[in-house]
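Colleague: The primary structure of each chain is shown beneath.
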Amino acid sequence: MKTGIFICHCGHNIKHTVDVKRLSEFFGKLPNVVVSQDYPFVCSEPGQDLISESIEKYGLDRVIVASCTPSLHGEMFKDVLRKKDLNPFLLRRVSIREHCSWVGDDIEENTEKAKRLILSGLYGVAHQVPLEEKMVEVNKTALVIGGGVSGLSAALFLSKMGMQVYLVEKEPQLGGVVREIRNVWPARTSGAKITGDMEKELRSRQNVEILTSSELTGFEGFFGNYEATLDTPAGERKIVIGGAVAAIGFAPFDPAIKPELQYGKDPRIVTTLDLERAGELALPENPRVAILHCIGSRDEQIGRPYCSRICCINALRVGEAIRERYADSYVESFYMDMRAHPRGAEEFFEDTQEKGVLFTRGNIGEIVPAPTGVLLKGEDTLLGETFEREFDLVVLSIGMSYPVDSQKLATLLKISLDKDRFFLEAHIKLRPFDTAVKGIFIAGSCSGPKDMEESINHGRASALKLYGLLNLGYAFVDPFISFVDPKRCSGCRMCEQACFSKAIKYDEEKKVVHVEEAACQGCGLCNATCPSSAISLRGYYDAILDDEISAFLEAI
Amino acid sequence: MDEKETKVLVVGGGIGGITAALEIASCGINVTMVEESPSIGGRMIQLDKTFPTLDCSTCVLSPKMVEVALNQKIDLLSWAKVMAVKKEGRGFNATILKRSRYVDLKKCTACGVCSGGCPVVMKNEFNVGTGPRKAVYIPFPQAIPNKALIDKREERLCNMACMDACPVNTNVPGYLKHISEGRFADAYRLIRATNPFPSVCGRVCYAPCERVCNRGEIDEPLAIRDLKRFAVDNFDIATLDVPQVQRMGRKVAVVGAGPAGLACANDLALEGHDVTVYEALPEPGGMLRYAIPEYRLPKEELKGEIDYIRRLGVEILCGVDVGGEKTAAVIRDACDALFVATGAPKGLPLGVEGETLEGIVDGIRFLRGVNRGEHASPGDRVAVIGGGNTAVDCARTAKRLGSASVTVVYRRTREEMPAAGEEIEALLHEGIGIEFLAAPVRFRGDGGKVAEMECVRMELGEPDESGRRRPVPKAGSEFTIPVDSVITALGQAVETSFLESLGVALGRGGTVTIDTATGATNIEGVFAGGDVVTGPAYVIDAIAAGRKAARSIGFYLRGEAPAGDEERGTPQRLSEEQRGVLTGRIEHRPRMAMPEEPVDERVTDFREVGLGYQSADAMAEARRCIAGQVEGCIGCGECLRRCEAKAIDYSMRDELVEMYFDGIVVAPGFDLYDPTEKTEFGYGRLKGVITGMEFERLTSVTGPTGGDIVMNGKTPKRFYFIQCVGSRDRQSGARFCSRVCCMYTAKHACIVKDRIRDARIYISYIDVRTYGKGYEEFYKSTQENGAMYIRGIPGEVTQGENGLLVRVEDMLSGELHEIEVDVVVLATGVRPRAGTGEMCEMMSLERDEYGFISTSVVEPSRTSVDGIFVCGMASGPRDVPDTVASGGEAASRCMEYVKESASS
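From first to last, the protein sequence lines are chains A and B. Residue 1 is where the first sequence starts when you use this note's numbering, and the numbers rise one by one after that. Residue 557 is where the second sequence starts when you use this note's numbering, and the numbers rise one by one after that.
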């Protein structure tokens, strides 16, 4: 074995509190170490050259770089080995900066600790064998669940990028809720036109199969090779896909949950969505219309503590529409905070005020249907006065609730829900489309209320993520995967319980388990669980860890 | 699609651009990312935390930044700018300006040593001006690329001849810059980096720098030496840190504790070697201690500097006569290297009849006696023979010892006097006469003691080998001067017989022969420098010789070949062109004289003559330095000298490159509204009124206070946050809502509550717009934590007796409040990034009335130009998750576009 050890000064970072010279001299005398050098910046170009030249000159088969934390330049040093045709897994990084020189000031103690850390690495790397990153084939096929603007956007993009797409929609028609909006703000066109255009384009494409009135009923397999079971009008269907985008949208809030709203008891009390669906309104030419914000939003009592993001704009749309249709109307909007945040919305708010919609910051205490009109009782929080006013129409600007199927789908896809039963993203800031399952993405309002533009963004952005994973037709998997020694396996199946990626398969005949390599994430839970030490994780054998610990404790 | 050929340009390296670039690269497409600032990360990396999870912004974003740096598909051009874009076919030809960093990215290791030495302090953009940075700097610790750059804005105005003239290459412009801006301790440290005797050189250096100072060509040279003394006066050397260095385990012996020996010891100790200095006299310092009179160099000052060298671990053994019982060979055998710096301690004889009479003493011995405290009185009438600094020192010393009449006798004229001009001035000023063109020919005694000196008149003949005209005696011009004592100061000689046992080669007059590049003698491991090599010379030359030898000894001990002399240029005078520029730019201002003790008083004792500058005067004088008057890097070269990786390259130039791209994503991001014009809030006028971003930097661990909420040295307790500053406000030209301020204010309130438990927090708002996932809940908990939300924007912020007074009408209660607070934080809205307009014009992109890039509603990243897509704040306010989504969307449209191009 020919090991090369390169000890970095990191400028002053390491050199000032670790006697790097002494270390390089010490290790130079050890067996199996053919070169031991300290250098001001091993990460710099000349530093990397030093490693390359040594590999060539001494025929190194193991390399130790003792410097900063492995996560910093790990990939870079691996590349140095690759370029010299040395397997990158024969590199060992030892952190003598974060774990040593930055911790204490005592040169003697630090040097001793650094010595042990490197020694431990030396014993560890001796066990390492070349590992190959595993290439798995993936299906360039995608499943999009949900045919609203998010799903349509996702499907369109994936199809245009040349992928086979299955679009599954529960309803008989595509377009989701947007399709029902007569005048989408700020596009100023009908929702049906927007979704219709998308649908038309999608239907014109060869590589798209649209399955309406269909639902996902089963989901098995692993990244790149999932098998989905669909319940379609033509019967059950199984398809193989590389990954999926879930874009199942939201459920409009049902105001019947709050009986005090009197919704459903009086035809003069309607939701914003009812208004979209209704034909010509039966209203006098000088109608009195009240619009109530935050129905089913910002309401902890009914488990909807969040803001639904779209209802203030919907309220503005309704107010504007009525003022435009009925010149002599009286329109009053009751709000808590006017959330006109999207681009152009603040101006829309101002314009709507100018068009004559009155905005009253207030709470509605009571809604009393009366023969002459619906009586609203409440408090104007700006004036600090109570009021009672009668209206011919009360419009409830309803919020968004979690999609009805969220729990069902989450279970099938093995993804999580948040506290409000929307889908949970991997990271709220930077990975808003990712889930914990590789190849499964979420888009649009199913992860929380969003407006149309945001839903389109989500649909396309998540589809792009999926495309990025699948487009090559193959993917690399870390070589750190578990394998089973069938002679030792007792068939207790405890590992199967421990494995969250469902990579352990039990062979009923042989009564032993084996690891589905493509599914294994290399977490090591199975081998820690196995009572018979029958499972090992490549690159992290027990013997390696034992020797490293012993070396560190100077027990060797 | 031929993915190898396809290339996309992403303009802007904030979270929007980063997302787009990474997504496109993940599909195998090449991306060139152009970012105008030196690091990617945009605004998000400036944030302390992100709402609503209160994750550390750096921890969330920096892995993404590293991904950009490591992704082989992404070519990152930071500190670069797109200058022109021209559509060609479906793609674009772009001209990109790669601005020079003056730091080689391949060599720079981001160790930060360059910044440590840089004397130019500038506003830190990353901290929105709330803290300083250097002209050579790494933008922030997590910067990508994590490399330094030099903020160089204009060419230096002068040639810095001072540095080239100085034997130790003192960074004169650097320390003058420090002094001119009040950083006196930094000035001292910079001086000491190349000179272990600042207090000595600040007093007695012959200041070759001043002779060549380029300012001297305009009006008068800078008072460089006096300013050095000022820096010394304002620094207590007892507080100077002893750096911890790795011990090398090698022993070096130095013979002679003069400036050369001690400078060498100082440098070797800093390299980790064990140094022992042997000194024959009872105290270290050599000529500095025993030849320079107290009134020019107080002993305490010298002692301070020598004590520090001792603190570095140098052992100084005094009273050891090398060559006596302890031979040079014994010392040599006990060490790994030897440095000989015994100086030139012997006075030269006059060679005149009667020279051995009592009352005739050589100058060096005279001064040594006085400096040792032997208060011999030389008598009333004293003659000093010679024209050098020693002669002047002897004369002025004699005057202070009470001699009524002191006369200097010199054989040439004033022109030829080797003593420093200002020393001669001082001498005359103190009433000491000089008998020019005269030389003693014999002394006559009275009872063995000198009583008379017979001199002869001289006249100047042909120039001799030194270039000075040779004095020739005038026959018959003899005259007699009655004297009580005579001090001869005709020069000094070396004493090197003790080196014979080592076999060291000696030259003329017994001086040691060395390799001038390294200081090595003919014997391995034996080095020499200072007067013992050159014969009597200046202090600074001896220091330089000691340092040079130290460098060579370092190489020798490491077994490396000596690198030879450090490059030192020749002092350059101003060119005609420079003079032209300077005449227009530099106001004529004479040199500020350093005050001195009045003559009548100072000649009565040995008090120091020079009094030193007052701070204001020193700063004013230092400001005269031409080099320091440029903006940004002054080109002093401190970084160049310190960089071990040799990454600094002043010769770099900006570069224009042409590239073809198949598609473009622009993500130039945003700026924050400058609230200065909203005078009612007093921003920029009232202390304690800051912007949200300034508050962000204040709370960040990478900020100027390391994350402690401290203002003017105190922890504020009462906070007032004002929302919608520059948003929803026609007056400031922005009717739009900025979308992020409600949440970032709630976040700020949470941070305050977390760090300052008893803080009182008020938040003024119009509508609380907490619309995103988890935002409403965050707002609620902020309220529950005690932040008081007041509906209504304050009319005025004024200075009260115990803080700032905020006048606000609570629209819910209708009451008028006057609230006293310590800090007012303005939640400023967003604006398109400066330069967005210029970029859009160049790319023919349409913009809306506020300058945001116009887009389509159903295709949110589509701009008015096919093939150019926009994401992030550039097309309107967005928070981080929305920007990430829009980055993905823009990337997807761009992918679609380039795919179509490839298939058509």
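Calculated from the structure, these hints are not laboratory results. Backbone N, C-alpha and C define an ideal beta-carbon position, used for all residues, glycine too. One thing to keep in mind: the hints can contain errors.
What the hints assert, rightly or not - Calculated lysine to any residue pairs in the SDA-like style (CA-CA distance at most 20 angstroms, straight line):
| id | chain 1 | residue 1 | chain 2 | residue 2 |
| --- | --- | --- | --- | --- |
| 1 | A | Lys-78 | B | Leu-626 |
| 2 | A | Lys-15 | B | Phe-1334 |
| 3 | A | Lys-419 | B | Leu-626 |
| 4 | A | Lys-83 | B | Phe-1334 |
| 5 | A | Lys-83 | B | Lys-662 |
| 6 | A | Lys-21 | B | Leu-626 |
Claimed, not checked - Partial list, derived from the structure: chain B residues whose beta carbon lies under 8 angstroms from chain A:
| id | residue |
| --- | --- |
| 7 | Leu-626 |
| 8 | Lys-663 |
| 9 | Gly-1065 |
| 10 | Glu-1332 |
Claimed, not checked - Facing chain A, from chain B, some residues (calculated, C-beta under 10 angstroms):
| id | residue |
| --- | --- |
| 11 | Leu-578 |
| 12 | Cys-1293 |
| 13 | Val-1324 |
| 14 | Asp-1404 |
Colleague: All hints are to be evaluated individually against the structure, with a verdict given for each.
Modeller: Outcome of the hint check:
1. Of the supplied pair hints, the one linking Lys-78(A) and Leu-626(B) holds, its CA atoms being roughly 12 angstroms apart against a limit of 20 angstroms.
2. At most 20 angstroms may separate the alpha-carbon atoms for a hinted pair to count; Lys-15(A) and Phe-1334(B) exceed this at roughly 46 angstroms.
3. Taking the CA atoms of Lys-419(A) and Leu-626(B), the gap is near 36 angstroms; set against the 20 angstroms cutoff, the hint is violated.
4. Between the alpha carbons of Lys-83(A) and Phe-1334(B) the distance comes to roughly 51 angstroms, so the proposed pair goes past 20 angstroms and is violated.
5. Taking the CA atoms of Lys-83(A) and Lys-662(B), the gap is about 18 angstroms. The hint holds against a cut of 20 angstroms.
6. For the given pair, Lys-21(A) sits about 31 angstroms from Leu-626(B) by alpha-carbon distance, which is inconsistent with the 20 angstroms threshold.
7. Proximity of Leu-626(B) to chain A holds as hinted, the smallest CB-CB distance being about 6 angstroms (cut-off 8 angstroms).
8. With a least beta-carbon distance of about 7 angstroms to chain A, the hint placing Lys-663(B) at the interface is held under the 8 angstroms criterion.
9. Among the interface hints, the one on Gly-1065(B) is violated; its C-beta lies about 43 angstroms from the nearest C-beta in chain A, farther than the 8 angstroms criterion.
10. Nearest Cβ of chain A to the Cβ of Glu-1332(B): about 5 angstroms, under the 8 angstroms cut. The hint holds.
11. Evaluation of the Leu-578(B) hint against chain A yields a held restraint, the C-beta minimum of about 9 angstroms falling below 10 angstroms.
12. A least Cβ separation of about 5 angstroms between Cys-1293(B) and chain A falls short of the 10 angstroms threshold, and the interface hint therefore holds.
13. The beta carbon of Val-1324(B) is positioned within 10 angstroms of a beta carbon in chain A (closest approach about 5 angstroms), and the interface hint is therefore held.
14. Nearest Cβ of chain A to the Cβ of Asp-1404(B): about 8 angstroms, under the 10 angstroms cut. The hint holds.
Of the numbered hints listed earlier, those contradicted by the structure are 2, 3, 4, 6, 9.
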